[in-house]
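Chemist: Spelled out from the first residue to the last, the chains are:
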Amino acid sequence: MATQLRGADVVIVGMGAAGGVAAYPLAEAGLDVVGLEAGTWLDRRDFAPDEIRNNYRDWPMLIDKAEQERPTSRATSATTANRVGSHPMMNAVGGTTLHYWAQSWRLNPWDFRVVTETARRYGGSRIPTGSTVEDWPLTYDELEPYYERVEREIGVSGQAGNVRGEINASGNKFEGARSAEFPMPPLRWTAFNERMAEAARSQGWHPFPGPAAINTERYQDRRGCAYHGFCNKGGCPVDAKNATHLTTIPKAVDTGNLRVVTQAHVTTVEVDSEGRVTGVNYLTGGTEYFQPAKVVLLASYTYENVRLLLLSKSQTYPEGLANNGGQVGRHYLSHHQGAGVSALFPYDLDAWYGLPAQGVAVDDWADDNFDHADQDFIGGGNLWAMSDRRPISAAGMSTFGHGRNWGSTWKRFIRDNSDRSHYFYIQKTTLPYEDNYLDLDPTVTDPLGFPVIRITGRYRDNELAIAAFIQDKAEQWYRAAGATEIVRGGLGNSMGASTHAYGGTRMGDDAQSNVVDRWGFSHEAPNLGVLGASVMGTSGARNPTLTAQALAWRTAQHLVESWSDISE
Amino acid sequence: MADDKRLEGVDPSSISRRDLLRTAGAAGAAALLPRSVAAAETAEAARPVAAAASASGIGTAPAPSGPLMNLTARETEILSAMVDRLIPSDELGPGALDAGAIRFIDRALSEAESDSVGAYRSGLAALDRYSRYSRGAPFVELSETDQDSVLIDLQTGGATGAGAGFVGSSGSFFNMVKSHTWQGTFGDPHYGGNVDFIGWDLLGYPGVRMGVSEDEQARLEADELTPVRRSAYDYATFRR
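Going down the list, the protein sequences come from chains A and B.
With the first sequence counted from 1, adding 1 to any position gets you the numbering used here.
No gaps in the numbering here: position 102 of the second sequence is 91 in the numbering used here, and each next residue is one more.
This is chain B alone, in the form it adopts within the complex (with noise of 0.2 Å):
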């Protein structure tokens, strides 16, 4: 069964310099987040996991931390280097990885986009065979020149030839990656992603509200409206 490949165990020297980035600022996010939110939060993400472990048999089940319930860590290491470029952290500040956006997408795979693992995977598996074949190096080892470059071939659908291989064009793959990624950046960060609000910092959102009088109208058209810094189910009584 395919399941069984994701829970893998993960040597730890193969997570790159950008998951572990991507971890601290999720730790960090959470620390910000009332206790509640926090807790209800840790509880969701754990519930898939736990429930795909006892479906294949496996009786533990990595900490929402750990590894990515998915993907393995060399599937996770070549989408957090594409997902790197799509929002990269700059001069301009924090990226998607950042905002949790793979964190996001791991999750997404065992609830809603479940549908969408068999596409992740030899979508990323085909990345990595056609940089090899048309760059000499694997997608994660080439520079972020070549890398681009690389993606705007997967983008443009020109990723073809004996060394790619995708499943069906190279531009559905990419184009579904980036609207993962798109949520996963500028999402509600109920579902894990959009870290510290680093999204709607960026667009500069000023976050959910339950009404916006006149007044706060004005004050939006003014400059002068502070952001709100909540996610939707952080209000009240919302079914999730």
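The following block holds chain A by itself, in its conformation from the complex (with noise of 0.2 Å):
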């Protein structure tokens, strides 16, 4: 049987992005917190600025939970479920912060409020048949001293272009309005960034700086960022990227109420009879343990935030965990970034030592920044211009219809063209819909035993018309930029897995349609929070991290006000 662990007051389930900031405002209220991670502390001599092991091979898998819980997909329930080839996250104290890309967005204001905004502007008949869409619990406005306090607290870098009302051009002028400048200065251009943005300008677009968790200069002791590029999928060797085991969670341990442990594999959440959860049950090496907690977090990705639920299960929660209303693993979309532009320029772009946090953004043609009434879709997509390239994945770029991509006339084509392609991916609004949605797969399980999680979902008409829209935008772009040649991907089909997956535990007023309250906490089991982009019902046409963060203090602010409601 287990060993029963001493008590704690709260317990989170993963040291990542999102539970590596809760565990500090917790932790410095004075609760007795404990971090539980199934990774290990890892640092710079950890992150060599090496392609073949950060993109190919998947660093670090020293610990490979993640990877043996990879999910199945389809795109329908009619289809076969096929075993995705590899997890987007990793197991590492401060989760997969250590690798990402650090683009630290917040959304615009429309992410909140896409039902009330498109009945307002459009009419309620807008809204894309069999999208499950709500507005959020909560306003942009409400979220905002969160994200403020998170980019101070982990150091987010960036140009504003709107606070508190006052527009600055050199921003973002379809930002909410931000209560303070960012904590630090944008990451600089290179000469083709400046380009990019001199052809923005000269179609009439308002090109900016993107955000970026990456110090530009010293910030909290540590330096700025040495652009020596590997930053796609590459842990920083300067220590520059603000990864939660670098900012939120050295300063929770250092209050001495946050005990991080590693290599802790939770399995289940235990409950009592009155459906209260009482801790959750995890494995080191082979050893049971079982953390006793007067409130649990969950804070891992959202695929595994949905097992763990779907896995729970009990005679009060027969069908999981905070799942009898049947909402857990609904709602979920993977963010639609793909149907890609690739463009070829007649001059070298100089991008080898760029990192994709570092670039040039257009949000005229994002959420509800231009007028739809004469389009088919609401919503739309960011356009960005980073600078980032690694010779291995130069040597595969597109050959723009030059021929066969190996041999001698593709060597020649190389040499002259390595420096000269850029790719757009495009984030662009994407929506839940009713049949689109998280299970346990009947059949895979991981090496305990336990099911892994099965994906069923596809793109529909809104998300392609927005791609075909997109692409078009791209492409005169890049060809205001001077590209003499362009190849656009496919619109989209099947979700699958994503490094930006949403919902499944979506957060809403309403317990008929929704698993967390407004404040992240389950309608079902009033003493278990979920953290992360699991809680998102939109996910905008940006980067997820930051909401999540801001999302996780504001839960575990509210937990340390209303702490003996929640706990006892």
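One thing to keep in mind: the hints can contain errors.
[Stated by the list, open to error] Derived SDA-like pairs: lysine to any residue, alpha-carbon spacing no greater than 20 Å straight-line:
| no. | chain 1 | residue 1 | chain 2 | residue 2 |
| --- | --- | --- | --- | --- |
| 1 | B | K167 | A | N406 |
| 2 | B | K167 | A | R405 |
| 3 | B | K167 | A | T400 |
| 4 | B | K167 | A | R58 |
| 5 | A | K295 | A | T268 |
| 6 | B | K167 | A | R416 |
| 7 | B | K167 | A | G397 |
| 8 | A | K252 | A | T263 |
| 9 | B | K167 | A | G404 |
| 10 | A | K295 | A | Q5 |
| 11 | B | K167 | A | S399 |
| 12 | A | K252 | A | W42 |
| 13 | B | K167 | A | Y57 |
| 14 | B | K167 | A | H403 |
| 15 | A | K295 | A | G8 |
| 16 | A | K295 | A | H524 |
| 17 | B | K167 | A | S394 |
Derived by calculation from the structure, the hints in this document are not laboratory data.
Using the supplied hints, reconstruct the complex from the two chains, each of which is provided in its own coordinate frame.
Modeler: In structure tokens form, the structure reads like this:
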């Protein structure tokens, strides 16, 4: 039987982007917090600038829990699910913030009120058929103080476009009002970035540098970015990338109130006869432990948050914890970032030393920043001209129709063009739909015998229409910057596993259609909270991490302020 | 056990001209590396051999420059011919064989890509069967033009029919070899490929640095940045 450990006030499952942030306000408030993490501590000596290790061998695989739990995926319930090739997340203290691209966007105000704003401007019939989208239970303005706090605590660089209503044309004029400037100036631009910005302006657009959880100057005793490259799935060898193992987790540990337990493989959450959670079971090596806690916060990735709930069956919750309403796994979406566009330029881009968070953004065609009256979709896409090149991937570039991608002719092509191509992946508004969801795979299990998550999902007309629309804009931008050849990717089909996976434990006031309330606590088990993008009901057109972190801070602060209500 | 096969003695006469070229290239590169790096490379390369040998109960391990650990001489010959067509040595300069892509693949098959040994073994056999069946001769004996046309068949998934028998599809075998060849030509030399920085020179990649100042970026943009020739692991303290 499991070894019963000393009880804690709060146990957090996962010390990554969200759990690693939430731990700090809890520990600072004096709560006794245990942070369970499947991975280990890594540091900058583990982060060699090595493309083979980062991008082809999926470092570091010392702890391969996530890899063993790779989901299966299918487009619809009528098709067969196949195991995805690799898991998008990694296990370590700091989680995937160790090697993420660190783009730290806020959502735009529209993303919180898609239903109301669409109805107001175009009529309610413009919500796509079959979509289960709801307004968030909170507005941008309610989340703003938490965005600002997290930006300051972890360190985010960027150029504000709207501070308390005052527009600065150097930043994003479409963004929601900020209460403060960014803590640090944006990452610098290369000559090619400048050229792309100029090309955007020539089209009447409004280019600006993107926000990043990367230091651009000395901040909290760590240095600024070295711009050496290999940031794409690479950890930072100079500690300039603000992963939570460098920021909020050490601050929380320093309070003396957070204990991080590594190589802890959480299997299930326990409940009492009243339906309250009592703690979690985990394995370390072959040994089973039970960690009792007054409050449990799930802070693993979207797939694992949902899986832990569905695996934690009890008399009170026969279909899985917090799932008596049947909403766990629903409202799932993988962010549509495909339908990319590639361009070939007649000049070198000198992009060998960039990083994917360094670049030029255009928000003119995102969200509801433009009139959709004559469009057949709602939402849009954020255009992003980043600076990111690595040798192996450069040699694998598109040949833009110039023959096959190997042999002597190809060799000449690559010699002349390896630094002349650019690629837009394009983040687009993606909505939840009735028949896109997560559940447990009926046949595929992890090595412990527990079913893995099965993703059922495909993009719909709205996503495909955005993709076609935004590809035109992408090509227009590239041509304005002098591109001579353009290749477009397909518009999209099945969703698959993603680094931007939302929903499954959606946040909302209505307990009939949501798993957690406006504060991130279960509608059914009141002392169970959920952190991460699994609570988000819309994607916006930008990266989810900062929003997940702001929500995590907010959930943690609410727990502190309502401690006796929630814990007893 | 399948492992036994790869430890069979290799007849030196079966090593192709291209193999010899590649071996000479690797030795030349080792001479150029700082001594500590060369020593580390050797130790790194030798370890899996010793482990494999002891696991199979055979006491002698081939030297790092000798026969491959995971493929027979015949398989090595076919793979070398294929890799040489993917990134040929030509008037533009050295190719994948010179860059040590074969040695890279062999090492990878002992380490991170050990799951792929069977795919190589069956794929190379199928490639040879398909060559005999469709072009009337073993792959290594075909003209370069015929080799290319066979590889196009593989890549497009067209290498089917009674004579082929690829496990999965010929395209997935082709893509696996291509991916590993690219890694072995354009990846960090730490893994035994990209000898003499052949791959990085072909691309014009100015090398791994631990920092790029605004001034260095400006020099890159002015075509005045001198390439650095180092592995990431030549820098200070990285764990491998």
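Chemist: What are the numbers of the hints the structure violates, in ascending order?
Modeler: none
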